[in-house]
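So the sequence lines, in the order shown, correspond to chains A and B. If you're matching positions, the first sequence starts at 548 in this note's numbering and goes up one per residue. If you're matching positions, the second sequence starts at 142 in this note's numbering and goes up one per residue.
These aren't lab readings, by the way, just hints derived from the structure by calculation. Every value quoted in this text rests on a predicted model; they were computed, and no experiment measured them. For every residue, glycine included, the Cβ atom is placed at its ideal position computed from N, Cα and C. Hints should not be assumed to be uniformly reliable.
[What the hints assert, rightly or not] Have a look at the derived ranges for each label pair, beta carbon to beta carbon:
#	chain 1	residue 1	chain 2	residue 2	range
1	A	Asp610	B	His223	38 to 48 Å
2	B	Ala158	A	Thr623	43 to 53 Å
3	A	Pro549	B	Ile152	28 to 38 Å
4	B	Ser225	A	Asn599	32 to 42 Å
[As the list claims (entries may be wrong)] PhoX-like cross-link-like pairs, simulated, lysine-lysine; straight-line CA separation at most 25 Å:
#	chain 1	residue 1	chain 2	residue 2
5	A	Lys630	A	Lys589
6	A	Lys589	B	Lys209
7	A	Lys604	A	Lys625
8	B	Lys190	B	Lys202
9	A	Lys604	A	Lys589
10	B	Lys190	B	Lys209
11	B	Lys190	A	Lys589
12	A	Lys625	A	Lys589
13	B	Lys202	A	Lys589
14	A	Lys630	A	Lys604
15	A	Lys604	B	Lys190
[What the hints assert, rightly or not] Short, incomplete list of chain A residues facing chain B, as computed with Cβ under 7 Å:
#	residue
16	Ile585
17	Lys589
18	Phe592
19	Ser595
20	Glu603
21	Glu606
22	Phe653
23	Gly654
24	Glu655
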Amino acid sequence: EPEVTQTPSHQVTQMGQEVILRCVPISNHLYFYWYRQILGQKVEFLVSFYNNEISEKSEIFDDQFSVERPDGSNFTLKIRSTKLEDSAMYFCASKFGQGAAGELFFGEGSRLTVL
Amino acid sequence: AQSVTQPDIHITVSEGASLELRCNYSYGATPYLFWYVQSPGQGLQLLLKYFSGDTLVQGIKGFEAEFKRSQSSFNLRKPSVHWSDAAEYFCAVGAGQTGANNLFFGTGTRLTVIP
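Looking at chain A on its own, in the form it has when it is part of the complex (with noise of 0.2 Å):
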């Protein structure tokens, strides 16, 4: 069965530093996205991505962010100085078509941790 992957699945990183979270979404799906979850507390949007841009971005996706599809399979979340209320559980996932057809799939998630 098709399957959102996140790499890496865990990262410790220091503050201040810039993070690279990698996501390779299902592979005819044209709509991405990233949430987080930080610890307790309820999955965030973040950003979505279609054609090739943003669509879509929730108010935490400030210009330490930013998202990218650099070859037409991967799509990453970056953060350009990490802070430490940035440590949370960074969830991507894709679905095929725009609105309520669509089914969302989500990946395992990546955990960032800023000490």
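We have chain A; now place chain B onto it with these hints.
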């Protein structure tokens, strides 16, 4: 603004007992509602979804949920719980122009199943 409330942080049930997980939502338009399950070390898996039509929806693994507009609720039920159902359960409401472009999640309910 969209929001989801899951009032129960943690529920413990005996194997074979019935289960109901509560979810209340706030959304100005017709909601698109989802239940996801997250097993330890796993990503979020869609259990079921409601867009329109029959207010009682069937999902995978024997789960069902009932949409009650008058109560702004979408409670998840299972008549007989199995030990493998132990996991974190998230209710979500779809938002965005087409109703499912991004999801707003509740804080989750952790289910423990005892023998």
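How the hints compare with the structure:
1. Between A:Asp610 and B:His223 the beta carbon distance is about 47 Å. The supplied range of 38 to 48 Å therefore holds.
2. Between B:Ala158 and A:Thr623 the beta carbons are some 44 Å apart, a value that agrees with the proposed interval 43 to 53 Å.
3. Taken as a hint, the range 28 to 38 Å holds for the pair A:Pro549 and B:Ile152, whose Cβ atoms sit roughly 32 Å apart.
4. Between B:Ser225 and A:Asn599 the CB atoms are about 40 Å apart, so this pair conforms to the stated range of 32 to 42 Å.
5. In summary, the hint linking A:Lys630 to A:Lys589 is supported, as the alpha carbons are separated by about 19 Å, within the 25 Å threshold.
6. A hinted pair counts as satisfied when its Cα atoms are at most 25 Å apart, and A:Lys589 with B:Lys209 qualifies at roughly 23 Å.
7. The suggested pairing of A:Lys604 with A:Lys625 holds, with an alpha-carbon distance near 14 Å, which does not exceed 25 Å.
8. For the hint pairing B:Lys190 with B:Lys202, the CA-to-CA distance comes to about 14 Å; that is within 25 Å, so the pair holds.
9. Note on A:Lys604 and A:Lys589: the hinted pairing holds, with a Cα-Cα distance of about 17 Å set against a maximum of 25 Å.
10. Our distance criterion of 25 Å between C-alpha atoms is met by B:Lys190 and B:Lys209, whose separation comes to about 14 Å.
11. This hinted pair checks out: B:Lys190 and A:Lys589 have alpha carbons roughly 19 Å apart, not beyond 25 Å.
12. For the given pair, A:Lys625 sits about 21 Å from A:Lys589 by alpha-carbon distance, which is consistent with the 25 Å threshold.
13. For the given pair, B:Lys202 sits about 24 Å from A:Lys589 by alpha-carbon distance, which is consistent with the 25 Å threshold.
14. Distance restraint check for A:Lys630 and A:Lys604: the Cα-Cα separation of roughly 19 Å lies within the 25 Å cut-off, and the hinted pair is therefore satisfied.
15. In summary, the hint linking A:Lys604 to B:Lys190 is supported, as the alpha carbons are separated by about 23 Å, within the 25 Å threshold.
16. Interface restraint check: A:Ile585 against chain B, minimum CB-CB distance 11 Å, threshold 7 Å, status violated.
17. The interface hint given for A:Lys589 is met, as the beta carbon of that residue sits about 4 Å from the closest beta carbon of chain B, less than 7 Å.
18. Against a cut-off of 7 Å between C-beta atoms, the interface hint on A:Phe592 holds, since the closest Cβ of chain B lies about 4 Å away.
19. Given the 7 Å rule on beta carbons, the hint for A:Ser595 holds: about 6 Å separates it from the nearest Cβ of chain B.
20. A hinted interface residue such as A:Glu603 counts as satisfied when its beta carbon comes closer than 7 Å to some beta carbon of chain B; here the least separation is about 6 Å, so the hint holds.
21. Checking A:Glu606 against chain B: minimum C-beta separation of about 12 Å lies over 7 Å; hint violated.
22. Interface restraint check: A:Phe653 against chain B, minimum CB-CB distance 4 Å, threshold 7 Å, status holds.
23. At about 5 Å, the closest approach between the beta carbon of A:Gly654 and any beta carbon in chain B falls short of 7 Å, and the interface hint on this residue holds.
24. At its closest, the beta carbon of A:Glu655 sits 4 Å from a beta carbon of chain B; the interface hint therefore holds under the 7 Å criterion.
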